[in-house]
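Q: Top to bottom, those sequences are chains P and V.
Per my numbering, residue 1 is the first one in the first sequence, and the count goes up by one each step.
Per my numbering, residue 1 is the first one in the second sequence, and the count goes up by one each step.
Quick caveat, the hints were computed from the structure, so don't treat them as lab data.
Fair warning: this is a prediction, and the values are worked out from it, not measured in the lab.
There could be a bad hint or two in this list.
[Stated by the list, open to error] The calculated lysine-lysine pairs, modelled on BS3-like cross-linking and capped at a C-alpha distance of 30 Å, are:
no., chain 1, residue 1, chain 2, residue 2
1, V, K49, V, K69
2, V, K49, P, K9
3, P, K71, V, K49
4, P, K70, P, K9
5, V, K49, P, K57
[Stated by the list, open to error] Using C-beta positions, here's what the derived DEER-type ranges look like:
no., chain 1, residue 1, chain 2, residue 2, range
6, P, T5, V, P40, 41 to 49 Å
7, P, S67, V, F46, 37 to 45 Å
8, V, D9, P, V52, 18 to 26 Å
9, V, K58, P, E62, 26 to 34 Å
10, V, P7, P, N84, 37 to 45 Å
11, P, N84, V, A1, 35 to 43 Å
Positions of the beta carbon are idealized from the N, C-alpha and C atoms, including for glycine.
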Amino acid sequence: DGGITQSPKYLFRKEGQNVTLSCEQNLNHDAMYWYRQDPGQGLRLIYYSQIVNDFQKGDIAEGYSVSREKKESFPLTVTSAQKNPTAFYLCASSIRDSLGLMNTEAFFGQGTRLTVV
Amino acid sequence: AQSVAQPEDQVNVAEGNPLTVKCTYSVSGNPYLFWYVQYPNRGLQFLLKYITGDNLVKGSYGFEAEFNKSQTSFHLKKPSALVSDSALYFCAVREGAGGYNKLIFGAGTRLAVHP
Numbered sequence: 001d002g003g004i005t006q007s008p009k010y011l012f013r014k015e016g017q018n019v020t021l022s023c024e025q026n027l028n029h030d031a032m033y034w035y036r037q038d039p040g041q042g043l044r045l046i047y048y049s050q051i052v053n054d055f056q057k058g059d060i061a062e063g064y065s066v067s068r069e070k071k072e073s074f075p076l077t078v079t080s081a082q083k084n085p086t087a088f089y090l091c092a093s094s095i096r097d098s099l100g101l102m103n104t105e106a107f108f109g110q111g112t113r114l115t116v117v
Numbered sequence: 001a002q003s004v005a006q007p008e009d010q011v012n013v014a015e016g017n018p019l020t021v022k023c024t025y026s027v028s029g030n031p032y033l034f035w036y037v038q039y040p041n042r043g044l045q046f047l048l049k050y051i052t053g054d055n056l057v058k059g060s061y062g063f064e065a066e067f068n069k070s071q072t073s074f075h076l077k078k079p080s081a082l083v084s085d086s087a088l089y090f091c092a093v094r095e096g097a098g099g100y101n102k103l104i105f106g107a108g109t110r111l112a113v114h115p
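With the rest of the complex left out, here is chain V (with noise of 0.2 Å):
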């Protein structure tokens, strides 16, 4: 079964900083990667996601990651941190065959950007 793993559960970092949200993987096959950022009492919203191609991967609010193959890791940076980014953030892969597929989400990291 693929899986994601997010050793930290929860990420300080002061405003202007850069920032890292660790994310680790365990699949077969091909990754499907996925962050996805919540913020309180609200929904998931779609930051990026790893199919093929770059490593480097840019999404939404400034945020991108890297996929790094021989570490099976995905971790989801952003050069300059901003109080507003303060959220709780998931890894996910997606798992299935023959159409029919699910999204395995990690436990979250609590990111907290402190003025």
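Next comes chain P alone, as it looks inside the complex (with noise of 0.2 Å):
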């Protein structure tokens, strides 16, 4: 089946500790999304990559780093800078438009719940 995994479903990170949470697809799709998920509000963006080996910082990028090696794979890190990283954090995929059409949706992974103990 075709889809977005995401792991591990639950981490526990300690203070000052980098994490990496993964994030793989075998829908074929150029773009990839990095979202961060709290309470009450809604999805902000982290990262995002259009192509491998590019990417570009979204709204919430400070304290946080990613790779695109290669074009199924988009892991997210978690640095000791991000002063409050307990959250939600969901990966997505959708199609690149070249023409830079938008009329394309994202797809979704499980998400994974990062704890700070």
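Using the hints, put the two standalone chains together into the complex.
A: In structure tokens form, the structure reads like this:
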């Protein structure tokens, strides 16, 4: 079955640690995204990538880093510089429309819940 | 910048009654609007989208949405609510140019359908 897989489902981080959240897709999508979800705030964009070896900062990129070495994979590292990392993290992918049309929906993974202990 | 607003934190409706979840938008140019649903501790599922054409868009699970340009609204509707429709609903708009674009989400509306 095609889809997006996020792992782990639950992750616990100690203060000062870096942790990496995995996101893999087999939909052959060029574009991938990372969102953070906090109660009452909806989804906020952390980073996005439209093509391999290229990515852009979203609205709340500070304290996070990403890489896009393969089309299928877009891991997110939550660094120790992120002061309030406890949240639900969602990865998504979509077709990249090189013509600039924006009629493509995004497909989401099941999320990773990160908790600082 | 493009944005969407969902004015209601929660909507309560009795099973079998019609439901409406509201969304208003602010965009420059043509709006590309989407509705997603989220069940507890899960990712988002796509329901429907408006690109161009008919103002009434039909989507998954019996949901539909009405695009109203004069009121800059894109309300989600269903003629007869089910208890299983209880979830968190997000309105979203595409933003960007030149092939680099992203989805901007509203804060979400929690729908509670009571038996």
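Q: Next step is simple, just say for each hint if it's right about the structure.
A: Hints, verified against the model:
About 15 Å separates the Cα atoms of V:K49 and V:K69, which keeps this hinted pair within 30 Å; it holds. For the hint pairing V:K49 with P:K9, the CA-to-CA distance comes to about 29 Å; that is within 30 Å, so the pair holds. Among the hinted pairs, P:K71 with V:K49 is consistent with the structure: their alpha-carbon atoms are about 26 Å apart, no more than 30 Å. Of the pairs offered as hints, the one joining P:K70 and P:K9 holds, with about 22 Å between alpha carbons and a cut-off of 30 Å not exceeded.
Taking the CA atoms of V:K49 and P:K57, the gap is near 25 Å; set against the 30 Å cutoff, the hint holds. Taken as a hint, the range 41 to 49 Å is violated for the pair P:T5 and V:P40, whose Cβ atoms sit roughly 19 Å apart. Under the hint 37 to 45 Å, the C-beta atoms of P:S67 and V:F46, about 27 Å apart, miss the expected range. Evaluation of the 18 to 26 Å hint for V:D9 and P:V52 yields a failure: the beta carbon distance comes to about 40 Å.
Look at V:K58 against P:E62: about 41 Å separates their beta carbons, and that is not inside 26 to 34 Å. As the Cβ distance of V:P7 to P:N84 is approximately 27 Å, the hint placing it in 37 to 45 Å is violated. For the pair P:N84 and V:A1, the supplied restraint of 35 to 43 Å is violated, since their beta-carbon distance comes to about 24 Å.
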